[in-house]
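Chain by chain, the residues:
2 protein chains.
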Amino acid sequence: MSLPEIDGERLLSALAQLGRIGGLDGGGVCRPALTDEDKAGRDWVVGRMREIGMQVTVDGIGNVVGVYAGREDLPPVMTGSHIDTVRTGGLYDGNYGVLAGLEAVRVLREAGIRTRRPLAVAFFTNEEGARFAPDMMGSLVFQGDLSLDAALATRGIDGTTVAENLERIGYRGHAPVGAARVGSFVELHIEQGPVLDLESVTIGAVEGVQGISWTEFTLSGTSNHAGTTPMRFRHDAGLVAARISCFAREMAREMGGDQVATVGALNLFPNLVNVIPSRVVFTVDLRNTVGAMLEDAEQRLWAFADEASAAEGVTLSRRSLARFDPVKFDPALIGLVEATARELGYSVRRLPSGAGHDAQILARMCPAAMIFVPSVAGLSHNVREHTEPADLVAGARVLLRVLMQLADRQPDQ
Amino acid sequence: MSLPEIDGERLLSALAQLGRIGGLDGGGVCRPALTDEDKAGRDWVVGRMREIGMQVTVDGIGNVVGVYAGREDLPPVMTGSHIDTVRTGGLYDGNYGVLAGLEAVRVLREAGIRTRRPLAVAFFTNEEGARFAPDMMGSLVFQGDLSLDAALATRGIDGTTVAENLERIGYRGHAPVGAARVGSFVELHIEQGPVLDLESVTIGAVEGVQGISWTEFTLSGTSNHAGTTPMRFRHDAGLVAARISCFAREMAREMGGDQVATVGALNLFPNLVNVIPSRVVFTVDLRNTVGAMLEDAEQRLWAFADEASAAEGVTLSRRSLARFDPVKFDPALIGLVEATARELGYSVRRLPSGAGHDAQILARMCPAAMIFVPSVAGLSHNVREHTEPADLVAGARVLLRVLMQLADRQPDQ
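So the protein sequences, as listed, match chains A and B. Residue 62 is where the first sequence starts when you use our numbering, and the numbers rise one by one after that. Residue 62 is where the second sequence starts when you use our numbering, and the numbers rise one by one after that.
Hints listed in this document are in silico derivations from the structure and should not be mistaken for laboratory results. A hint or two may mislead.
Pulled from the structure, derived: some chain A residues nowhere near chain B, Cβ distances all over 12 Å [what the hints assert, rightly or not]: (1) P65; (2) R81; (3) G87; (4) D206; (5) D210; (6) A224; (7) E225; (8) G239; (9) H286; (10) E359; (11) R411; (12) A416.
Quick partial rundown of chain B residues pointing at chain A, CB under 8 Å, derived from the structure [claimed, not checked]: (13) P255; (14) Q271; (15) H286; (16) R310; (17) G325; (18) L329; (19) G439; (20) L440; (21) H442.
Positions of the beta carbon are idealized from the N, C-alpha and C atoms, including for glycine.
Isolated chain A, as found in the complex (with noise of 0.2 Å):
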């Protein structure tokens, strides 16, 4: 018997079709997390998870979980991804690991196989958080880290709850949350990052998710005239800013590795020409896969900021946006993903992630990993996010070999 393959055309059609669900004039996506757009998308999704004879199960923040039963009841092996967007995204991000899974299940059920283990394609709620924070709330909502009391109570930047708008989309579910039985997690997903592309490898075999440290810096200088207040009387809130920039800069191209520092956010009052900035707030993004790193990282950023301040005679406060340790994934399955991309004839390498996934909460629940394939440029979160379609089908291919490997395997194993 010739094993079952996935149908190129068919899961391109299908990103296609998704695409269109809240697609933006010249390209691109806007389908922000429980919008009217959400739900159309939801609504098709969930069409073709019937189409193909899943059991459709909605829980309580909104999760989706479609199941192919197995021969036997086991815990299920579980992909799947999320369907929202940010409000300029891409096709792929998220929607591709979704349909992809479905085309896996549709292959065997096409095929007449039924696996060892049930397969479960599932879709969280609100992955971007562009909406409603905080992100991947979905799936810290399904693994139990985040109540769900919580999750509903959460207001997003337009005012409305989650509850509400999960109501009035009408995808309050009653499945259970915190609880629930899940064999493994394998996540595919686009890249959203140049590293594949650059180095033109079609498969990436994700160890780990890195570690996060955002810091929102306040500094506090004295505002005065930019023509008649001398260089040396000055106390410019703005200047510690740019050398607390150039510094991270510096120091995650000194400290190499996975190190990456950015200040993506800065404000200067009053942002005036001729005015010295009295004030300023801006964030450091720090990320390393390695939490002694992370660490070090932000006690050597956190000194300079301060002796900096003191020089200028500008007060500093910070404070911590977000932290995540640094996810690990499962080291059988990151080896079953890259064996499994060898053997199908593809160029394969071990990388983190930058970006954070709903794999990563799976992973503190069941053994779990990712698979990557390319991002054109490393463009995401973007309507210029794209990869190839042989790509996008590599990755499928590994995806329901590896999936098919999982859900055969021996109940001990």
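Fit chain B to the supplied structure of chain A, relying on the hints for placement.
What follows is chain B alone, placed relative to chain A:
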């Protein structure tokens, strides 16, 4: 006969009264050019001019000139400043020079003294430029380098024109502009910088006004994910702006002298914590009293900006927002201010003005100079702007003596 003397109490009381028109709760004044508050302030000052027998004229741009006739029909010795303020201004910026001028005329009149030349006290429209650009609009039209028509057609930040607002407040007058006869001009003003205050010097004999160069830079890099983009692949526009900010500071310190450099306004795009900035628009304000040094500073800054942008793979464009060559005041007048302050027993030093003033425009048509008094902590354009009463009186005393000497000079002097 004893020399006439400034009535300090009366001057301070006048400053307080004018300061209440548009006064802010908790201190400071909001009386932007051609607002209802400006009209109320103008009416009040015109009332004081008439009270002391001055002949008041209003020109086409709303400049108000009060004249105290002299014994001979010669071009007047003029003093004055402006009474418009920034939105969070202080009581003294501009107002002080106008009210001290009126106090000087008042004491001459009370003493029955008529000088050889007429004495004129002027307040010029829209010196601040906070509502309509350019600043020093009224004096530019008065002197002739800005056409009345162009000034009248100027639209402010609220979309209305100077002409409409002048009509509305009743200050579109008929006195001609661009060809006034002025014998000499002396402006009394608070320093708006910290030098006199820090050095405990009472009177500043202002040598000139710094040249000003405002450059707006726009840097365009590539927006990308802060987590997934390795440091070596970044084109971070924000980082380059930070490097240019640091360079501007170092350059100014290294050049020394009067060179100052300020990055006052900076806007990042998209300005999100986890996105590498794709674009930044920011300004650099450079000033120097020496034209050649200002040009040197510009060249060095621009060269560094080009290099830093190229090194990061970021494109740069720049445009000039303002460019004024340094102004040198009349040496004889500077000497007269200095000598008069010494005769009155005040400490005095020569210094440049870092801010722009109407006197620098008047210097294009007649011998001009300025007298500075200390600004506590150098604060200006700030509701906490303050000058000690004794210093306010000292400056007015110097002004009175200088005006008397200028006004009694022989016609050929």
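Okay, the hints, checked on the actual structure:
1. P65: holds (32 Å)
2. R81: holds (25 Å)
3. G87: holds (17 Å)
4. D206: Consistent with the label, D206 (chain A) stays out of reach of chain B, its closest Cβ about 21 Å off (over 12 Å).
5. D210: With a cut-off of 12 Å, D210 (chain A) remains clear of chain B, as the shortest Cβ separation is near 27 Å.
6. A224: It holds; A224 (chain A) is separated from chain B by about 27 Å at its closest Cβ, greater than 12 Å.
7. E225: holds (26 Å)
8. G239: Check passes; 28 Å lies beyond 12 Å.
9. H286: For H286 (chain A), whose nearest Cβ neighbour in chain B is about 5 Å away, the distance does not exceed 12 Å, so it is violated.
10. E359: It holds; E359 (chain A) is separated from chain B by about 15 Å at its closest Cβ, greater than 12 Å.
11. R411: holds (15 Å)
12. A416: The assertion about A416 (chain A) is violated, with a minimum of 5 Å to chain B.
13. P255: Holds, about 5 Å.
14. Q271: holds (6 Å)
15. H286: holds (5 Å)
16. R310: holds (5 Å)
17. G325: The hint holds - G325 (chain B) has a Cβ within 8 Å of chain A, the shortest such distance being about 5 Å.
18. L329: Since chain A brings a Cβ to about 5 Å from L329 (chain B), closer than 8 Å, the hint holds.
19. G439: With a closest approach of 6 Å, the G439 (chain B) hint holds.
20. L440: holds (7 Å)
21. H442: holds (6 Å)
Hint compliance for this structure: hints 9, 12 are broken, all remaining hints hold.
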